[in-house]
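J.: Sequence order for the protein chains is A, B, C, D, E and F. Just so you know, we're using the UniProt record's numbering here: the first sequence kicks off at 1 and counts up by one. Just so you know, we're using the UniProt record's numbering here: the second sequence kicks off at 1 and counts up by one. Just so you know, we're using the UniProt record's numbering here: the third sequence kicks off at 1 and counts up by one. Just so you know, we're using the UniProt record's numbering here: the fourth sequence kicks off at 1 and counts up by one. Just so you know, we're using the UniProt record's numbering here: the fifth sequence kicks off at 1 and counts up by one. Just so you know, we're using the UniProt record's numbering here: the sixth sequence kicks off at 1 and counts up by one.
Hints listed in this document are in silico derivations from the structure and should not be mistaken for laboratory results. Incorrect hints may have been included.
Which copy? The list can't say, so a pair holds if one copy fits it or any two copies do.
SDA-like mimics (lysine to any residue), calculated; alpha carbons at most 25 Å apart, straight line [stated by the list, open to error]:
#1 Lys-155 <-> Ser-64
#2 Lys-155 <-> Glu-166
#3 Lys-155 <-> Asp-67
#4 Lys-177 <-> Arg-120
#5 Lys-177 <-> Ala-116
#6 Lys-155 <-> Glu-182
6 protein chains.
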Amino acid sequence: METSVRPYYVPVGNEERVFLAAFRQGLPIMLKGPTGCGKTRFVEAMAHQAGRPLITVACHDDLSTADLVGRYLLQGGETRWVDGPLTRAVREGAICYLDEVVEARQDTTVVLHPLADHRRQLPIDRLGVTLDAAEGFCLVVSYNPGYQSVLKDLKDSTRQRMIAIELGYPPAEIEEKIIAVEAAADQRAAAQLVRIGRAVRQADAPGLREVASTRVLISAAKLIAEGLAPGDAARAAIAGPLTDDPLVAANLTAVIDAYLQE
Amino acid sequence: METSVRPYYVPVGNEERVFLAAFRQGLPIMLKGPTGCGKTRFVEAMAHQAGRPLITVACHDDLSTADLVGRYLLQGGETRWVDGPLTRAVREGAICYLDEVVEARQDTTVVLHPLADHRRQLPIDRLGVTLDAAEGFCLVVSYNPGYQSVLKDLKDSTRQRMIAIELGYPPAEIEEKIIAVEAAADQRAAAQLVRIGRAVRQADAPGLREVASTRVLISAAKLIAEGLAPGDAARAAIAGPLTDDPLVAANLTAVIDAYLQE
Amino acid sequence: METSVRPYYVPVGNEERVFLAAFRQGLPIMLKGPTGCGKTRFVEAMAHQAGRPLITVACHDDLSTADLVGRYLLQGGETRWVDGPLTRAVREGAICYLDEVVEARQDTTVVLHPLADHRRQLPIDRLGVTLDAAEGFCLVVSYNPGYQSVLKDLKDSTRQRMIAIELGYPPAEIEEKIIAVEAAADQRAAAQLVRIGRAVRQADAPGLREVASTRVLISAAKLIAEGLAPGDAARAAIAGPLTDDPLVAANLTAVIDAYLQE
Amino acid sequence: METSVRPYYVPVGNEERVFLAAFRQGLPIMLKGPTGCGKTRFVEAMAHQAGRPLITVACHDDLSTADLVGRYLLQGGETRWVDGPLTRAVREGAICYLDEVVEARQDTTVVLHPLADHRRQLPIDRLGVTLDAAEGFCLVVSYNPGYQSVLKDLKDSTRQRMIAIELGYPPAEIEEKIIAVEAAADQRAAAQLVRIGRAVRQADAPGLREVASTRVLISAAKLIAEGLAPGDAARAAIAGPLTDDPLVAANLTAVIDAYLQE
Amino acid sequence: METSVRPYYVPVGNEERVFLAAFRQGLPIMLKGPTGCGKTRFVEAMAHQAGRPLITVACHDDLSTADLVGRYLLQGGETRWVDGPLTRAVREGAICYLDEVVEARQDTTVVLHPLADHRRQLPIDRLGVTLDAAEGFCLVVSYNPGYQSVLKDLKDSTRQRMIAIELGYPPAEIEEKIIAVEAAADQRAAAQLVRIGRAVRQADAPGLREVASTRVLISAAKLIAEGLAPGDAARAAIAGPLTDDPLVAANLTAVIDAYLQE
Amino acid sequence: METSVRPYYVPVGNEERVFLAAFRQGLPIMLKGPTGCGKTRFVEAMAHQAGRPLITVACHDDLSTADLVGRYLLQGGETRWVDGPLTRAVREGAICYLDEVVEARQDTTVVLHPLADHRRQLPIDRLGVTLDAAEGFCLVVSYNPGYQSVLKDLKDSTRQRMIAIELGYPPAEIEEKIIAVEAAADQRAAAQLVRIGRAVRQADAPGLREVASTRVLISAAKLIAEGLAPGDAARAAIAGPLTDDPLVAANLTAVIDAYLQE
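All chains should be built: construct the whole structure from the sequences, respecting the hints.
T.: Set out below in structure tokens:
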């Protein structure tokens with residue numbers, strides 16, 4: 001996961017300064033932002049900057065405390081303890097990134113509390129030990145505020161232990177640059193796709209649950225680079241993933257076609 | 001699963017070009033389409049075309065992450081790790097086809113995220129390793145948009161990682177050809193069954209949850225080839241599976257009988 | 001389960017011809033019909049006719065995929081794989097009969113899909129193998145359409161893979177013959193019980209959830225053969241099982257007594 | 001469980017004749033009746049009469065199929081199969097009594113179906129065998145119709161496999177005799193308690209969920225035999241168990257005191 | 001648990017006589033009473049009087065039948081059966097006290113039925129044995145009628161097997177004596193706390209879920225004995241535990257302060 | 001966990017005296033207070049004062065009784081018992097602190113009852129033993145009354161076993177001192193942040209679920225100490241964690257900016 005070249009990330013605001021200040025103070029960080037805006041890439045770049053390994057955990061409903069902390073496995077007739085990713089990060093002083101943390105059950109996030117305050121400790125009840133986090137350990141969690149519901153939300157006692165950083169889609173000129181670099185696309189196609197993306201984001205059509213992320217624009221650019229017509233590429237990479245509703249899809253296609261004619 | 005003869009699939013639109021472009025770019029693919037329209041056969045043909053093995057997983061509510069990724073089994077007093085189908089596909093560079101993916105719990109699909117974006121990685125927490133997907137690995141998922149509900153739907157963050165391809169029932173002349181080939185039926189029976197199928201699809205009768213798929217028309221043709229009267233075959237293969245409601249069944253029988261008289 | 005004498009089954013319509021045509025084409029079969037009309041006996045007779053062993057699974061809410069397909073068991077410090085009934089049927093080319101299939105969870109039935117279409121394959125993920133069904137394997141499922149609810153129903157994608165056969169209670173003269181044979185009862189008692197049964201079936205009394213099946217008439221005949229008075233036998237075998245409501249029971253008793261006086 | 005003296009049971013109607021006729025025909029039996037009316041004692045007497053051992057299972061919500069049929073246990077590093085009570089009854093030709101069967105989940109009762117019809121077989125999927133029930137095996141289930149709800153009810157396909165016997169509280173002179181014998185009480189106390197019991201049964205007070213069973217009258221008689229005043233005994237054994245509502249309890253106490261003054 | 005000094009319990013009514021009569025007849029006992037009125041202490045005193053060991057089980061939602069009866073544990077590569085507390089009580093002839101029995105699931109209490117009627121037997125299906133309860137075994141359960149709901153209630157068939165004893169808070173002069181003895185408090189403080197307790201019990205303030213039990217009065221007396229001011233002690237031991245509502249707490253504090261001025 | 005320097009805690013009321021009185025009497029303690037007001041630090045200081053080790057358990061929905069009490073683990077082919085944190089505290093005479101106890105299931109807290117009354121005993125059913133708590137053992141639980149709901153609440157029978165201590169945010173001058181010490185911040189920044197915190201606490205804005213705790217003010221001070229502008233620090237540490245609502249966030253930012261201008 002450690003790379004010698006800094007992962008490609010173009011900052012938009014003060015997000016890098018806030019991250020590094022919190023990292024130096026040992027304060028945990030929560031990233032808020034919509035689908036496909038670059039949260040994962042941002043953490044990869046910051047881990048590189050801070051010179052720490054990055055351990056990523058994709059959270060889900062069934063993620064148990066044991067999945068994070070570790071468990072006993074049977075080997076050669078003996079049970080042997082195997083560290084989970086959180087415990088490994090605590091021992092190695094790594095950045096532990098819990099992606100889409102609101103998917104995890106609240107009880108799983110409670111295990112983070114002693115790590116996330118002045119104690120910086122991980123009690124492992126099954127081993128009967130309490131680990132002090134190594135220098136450099138930093139907890140980072142992310143979620144999409146647009147998905148939150150009463151059922152899927154971080155507890156206030158978890159939130160108040162963290163420093164918040166909010167990310168959004170980048171401004172047009174930065175987004176064009178990102179698409180051109182990521183998809184090895186030419187400038188004109190990138191600019192066209194950014195215009196389509198911004199039109200879809202402003203449309204706010206009923207039936208459209210999400211807007212076109214930077215990620216889907218990159219996908220469309222890749223299909224074009226493969227030789228698909230821009231219209232086919234945009235329908236397959238933008239309209240298709242955004243909706244299953246035939247009417248909404250027709251509207252999206254009309255938007256796409258209008259901007260491709262320009 | 002690898003066959004030396006290309007599986008029988010007749011393209012209707014640009015679905016083959018989009019699939020192969022996404023495959024070459026390493027982008028995951030989502031197939032949308034109704035029951036029995038040929039999604040499985042399409043993936044078989046594409047895997048053959050791309051020269052990659054095909055590993056299919058029928059998704060269901062109880063499919064756990066361990067079922068996809070692998071688990072420890074006890075053998076000779078030792079626990080031994082056994083790869084799941086997703087991990088095998090990642091290692092071998094196979095096409096991994098998750099059939100009816102919306103049946104799987106959302107938390108199971110979250111494990112696909114690092115595989116479905118620029119990382120193309122599968123972190124296996126229980127082994128403490130992160131696999132890079134082999135060249136040729138491609139993730140394909142399918143679902144029927146007509147079944148979707150709030151509870152059973154792909155998350156937007158999953159959808160936006162994918163290229164969409166939409167399939168439907170083929171036009172009449174192609175469907176006749178498919179039935180004749182698949183059921184070794186004569187042209188006249190195939191044409192009659194296609195007319196019945198299209199009549200049922202247009203009927204949109206209340207109480208009828210699904211329309212007659214290409215698959216049920218092939219089944220009817222097979223029963224006729226076995227010597228059953230066309231009416232008996234159509235009732236057993238088309239009307240019976242489509243409804244349990246006596247009234248709706250009577251209407252379907254009337255439609256069938258009308259078209260068999262022609 | 002294989003018997004050298006054909007199990008006693010009296011056909012009413014074309015059900016035997018449809019079953020054998022589907023069997024020869026390798027198409028799965030769904031039997032619909034009310035409680036106690038003879039579905040199990042029909043499958044036993046058809047298995048005998050087709051010369052294939054019969055493996056029956058009584059479905060229920062907790063039936064897991066592992067119960068059908070197989071699981072690892074610990075033996076002598078080693079885990080050993082033990083085939084489930086479905087896997088045994090696939091290997092031996094047996095008829096696999098899933099009784100009351102709507103009781104099983106939908107995710108359990110999804111494992112049937114690759115077996116129920118042109119693939120005729122059973123992927124066993126835990127073994128990492130995919131079995132081709134042996135010649136003669138045939139999947140048969142049954143359910144009672146009267147019990148179906150939104151929660152307990154076969155998925156359309158499962159239904160459309162199958163050939164439907166509908167069974168009902170036999171006409172009076174056939175039902176008399178069946179009762180006489182099954183219970184070793186005299187013709188007069190059998191005729192009397194059939195008249196009672198048909199009266200109860202037409203009554204459609206509120207509070208009566210089911211009608212008198214051929215099975216309960218046979219039970220009553222057996223009690224009479226044991227020396228019980230016809231009225232006592234009919235109350236214990238027909239009225240008692242059909243209702244717990246004192247009022248409905250009194251009505252049933254009145255119907256029984258009226259027909260016994262004839 | 002086998003006793004050389006016939007357990008004390010006083011018949012009220014034709015229940016013994018119906019039981020033994022069904023037993024000889026190998027038909028399963030369902031006993032209906034209120035709490036504490038003597039269902040268990042009746043089965044004990046019938047098992048003695050039929051000369052078969054009695055195996056009783058108290059049903060509950062968590063009773064799994066494995067609890068009935070058996071499971072593998074680890075012993076000396078080997079898994080060893082241990083029969084459940086149902087399997088033992090099937091092998092030994094015992095009477096298997098499932099007490100309060102509606103408490104069991106419906107899926108647990110489905111395992112009874114092949115045992116409860118003409119097949120008289122118990123398929124044990126985990127052993128891969130199908131047992132034929134030994135001569136003398138008989139399935140008996142009981143429930144209280146007053147408790148039944150939509151959620152807790154026997155399926156019709158289970159009910160229609162059985163012969164029904166309905167039990168109630170015995171008439172006064174028989175109930176007096178039972179109390180006198182069971183509690184070694186004098187005739188006068190027994191008669192007094194029966195009068196109290198019948199008054200409470202007729203009261204049908206709101207807030208009173210159950211009526212005074214023969215069992216609570218016996219308990220009261222036992223406390224009197226221990227030297228408690230009849231009023232104290234009746235309050236502790238009858239009023240206290242029947243209600244927690246102070247008002248209802250006061251009414252019951254008034255009824256008790258009135259009948260004790262006689 | 002056996003003590004040579006009789007545990008301190010002051011009887012209020014005929015509860016000791018009823019307990020010992022039921023004990024001698026082998027009848028199970030249910031204790032009803034509010035939080036902290038002395039149910040546990042009463043059972044300790046009765047067990048001492050009867051000369052039997054006391055085995056206590058604190059019931060809860062997850063208490064399984066195996067927790068009561070026993071289970072197999074793996075030891076030295078062999079599974080070894082370990083008796084649960086109920087089984088130990090049955091073998092040793094102890095008093096088995098199930099505290100807050102309504103917390104247990106109804107299916108767990110069903111296992112008590114054969115122990116609680118004339119059979120006095122504990123069938124242990126997993127061992128394939130049925131234990132006869134040793135002389136002196138007695139089942140005692142307790143619950144707080146004020147907590148009962150439809151979901152958390154004893155089944156009538158369980159209740160009707162038991163003798164009921166109802167306990168409440170003791171009259172003022174007895175309660176003073178208890179507090180003085182238990183907290184080694186002086187008579188004046190005890191009398192003051194009893195007056196406070198009785199005032200709170202009569203207040204029946206909305207928002208107050210429970211009244212001040214004898215137990216909280218003893219706690220307050222202990223804090224006073226430690227040197228806290230009576231007001232601080234009463235607020236910490238009485239008002240704080242009874243409510244989290246600031247308004248209700250203020251009212252309680254006013255009551256406390258008023259009575260302390262006397 | 002034992003420290004030779006008393007952890008930094010500044011008392012506000014009589015909380016230290018009440019804690020130590022309850023500790024000396026062996027009475028369990030419940031701490032009530034909002035998120036981030038210093039409950040954990042208070043318990044650390046009291047444990048140091050009492051000279052007892054501190055064992056902390058972060059409670060959550062899945063915390064089982066076995067997690068608290070202990071379980072058998074397989075080692076070298078033998079099962080070995082491993083004490084849970086509660087059992088260790090009981091044996092060592094430690095202070096056992098159950099943080100956010102209302103998160104635990106009620107059935108888990110029931111295991112605390114015999115420890116929390118005059119018995120001071122921990123029955124471990126799986127070992128068949130009952131431990132007497134060592135001298136110095138003290139049970140402390142905490143919760144936030146503002147979070148409580150009907151579903152997540154301590155049972156009255158648990159509450160009435162405990163002494164209540166209520167904590168809140170400290171008065172301005174004490175809070176300034178705490179922030180200056182904890183974040184090594186200068187007096188002016190600390191005073192500014194306290195003013196912001198108090199303004200937010202009084203705002204009671206709709207959409208704001210929690211108020212600014214002492215903890216978030218310390219975090220903001222730490223970011224300022226790292227060189228961030230006070231506005232950036234306050235937005236990242238106060239406004240971001242408190243809300244995801246853009247409107248509420250804008251209001252908070254306005255409050256922050258207003259107070260920073262002073």
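J.: With reference to the structure, classify each hint as holding or not holding.
T.: Each hint, compared with the structure:
1. Lys-155 <-> Ser-64: both (17 Å within a copy, 21 Å between copies)
2. Lys-155 <-> Glu-166: Classified as both; 18 Å inside a copy, 21 Å across copies.
3. Lys-155 <-> Asp-67: both (20 Å within a copy, 22 Å between copies)
4. Lys-177 <-> Arg-120: between (40 Å within a copy, 22 Å between copies)
5. Lys-177 <-> Ala-116: between (36 Å within a copy, 22 Å between copies)
6. Lys-155 <-> Glu-182: Cα proximity of Lys-155 and Glu-182: across copies only (24 Å, versus 36 Å in one copy).
Of the numbered hints listed earlier, not one is contradicted by the structure.
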